[in-house]
Amino acid sequence: MRFFLRSRQFKIILAILCAVAVLTTGFAIIGHMSPQTNIASTISSPFVNLFTNVSGIVQDFFDNYNSGSKLSIENSELKSEINSLQQKIADYEEILEQNEFYKGYLGIKDNNPDFTFCDAVLISRDNNDVFGGFTINKGSLSDIQKYDPVITDAGIVGYITEVGLTSSKVTTILSPDLTLGALDNRTHDSGIINGTLSFAQNGFCRFSNLARSCTVAVGDYVITSGEGIFPEGLLIGSVNNIGIDENNNSIYAEIKPFADITELRSVMVITSFEGQGGIAVKGGK
Amino acid sequence: MERKKNIFNLRLINALLFISLFLVQYNGVLNIKIFTATPMLTLALLVAICMFCSELRGALTGLVVGVFIDTVASTPQGFNAIIFCVLSLISVLITKYLFNNNILSALTLCALCSMFYFIIRWIFCLGFSLSFTENLTYIMGTVFPSVLYTCVFIIPFYYLEKFLYKRFFQ
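Quick note, the sequences are listed as chains A and B, same order. Going by the numbering used here, 284 is the number at position 284 of the first sequence; the sequence numbering is gapless. The numbering used here runs 1000 ahead of the 1-based position in the second sequence.
Fair warning: there could be bad hints in the mix.
Said to hold, decoys possible - Examples of chain B residues toward chain A, derived with CB under 8 Å:
(1) 1030
(2) 1063
(3) 1129
Unchecked claim - Per the computed footprint, the stretches of chain B lying under chain A, defined by three or more beta-carbons under 8 Å from a beta-carbon of chain A, are:
(4) 1032-1041
(5) 1106-1116
Worth flagging that the hints you see were computed from the coordinates, not collected in a lab. Ideal Cβ placement from N, Cα and C applies to all residues, glycine included.
Kindly generate the complete structure, drawing on both the sequences and the hints.
In structure tokens, the structure reads:
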């Protein structure tokens, strides 16, 4: 062991480790992926993307099979009659799905003409991340920058934390790293949304710092207040439960996000909007 | 010539194994979780490989695998590259100078490495942003089950690597 620690091999390994540490620290400060990660990402993202698509198709097949076994029997009887139409239906459904996808965003775009969108597909998910962080297939080549909001037509998903050339990492609203200003849509009570471990495990986030006199009720919708990195008026989720915080100072609400964070396949990144550049209110880091 | 060919074949098989495990672990659809336990498949394979290779090769393999994991993992960038490089080097050194090369050593080494990985990850990513109770819940409810789950995979990987090593070098 001592011989190895004095050997040239050990010095080479140490030098490589130092180089990697310096490079990554330098690039992390400016919010970009380090060169070695960027190269690896560019190489791996097409394969990961392909594999995710294939496994998605396989999962869809099994889901349909499990949930609709009765329907599939009826379907098989009718199949002979609609064979010639199948291809047309498949094409139609694909177009319809695309149409639905974009129609959802059209409403948001109509209400906020200043928004510029970039559509992206989820290519990988870190299963070790309890807060559901994931990677999308668009990066700085598509004008995506650090802190850009990520949404679906249902509501907010999170924001961009790391940008590579062809991929970006997203931190979700379930994470304690993200804190954003929010309002109750009905009562206009304001508070902050942040994640905690216990809430995230059930797919919820926490709407905290609500005044004790607030009139927030279960079922209310919560929207962004416009403070921080998110534009004003985006849907976050609905109030699922209300409680009093540990110090007995304020009220908090359990929020069920409208966007299903664990089942996402495609998202939109808002690459620019009026008032962009607000300082991110950060929690843990 | 024959030896070079064998080395190339072994590296190719290991690279394909890593790619497959990487895709299984980090694809956006398939979920290999059991309740809160999520295995580090790539780490288990890395430990198995490191039990049969030299220090420099082990460290470089760890570094390359770590760089690829950095592209998708929700950790600070460079985290996996450095941790995997250090862990693979430690695995090689422990196997060479401290342990016998057998399945029991592989299990112990895998448990130690995955525990080290999850604890360091917890400190860097979560330790300061969660409350005491949540930290405790995370360690007991996620870290320990994940370590155990990861150790399950070292058994087939160890025997596979042993077989490959014998097949190509003996």
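- request: Check each numbered hint against the structure and report the violated ones by number, ascending.
  value: 5
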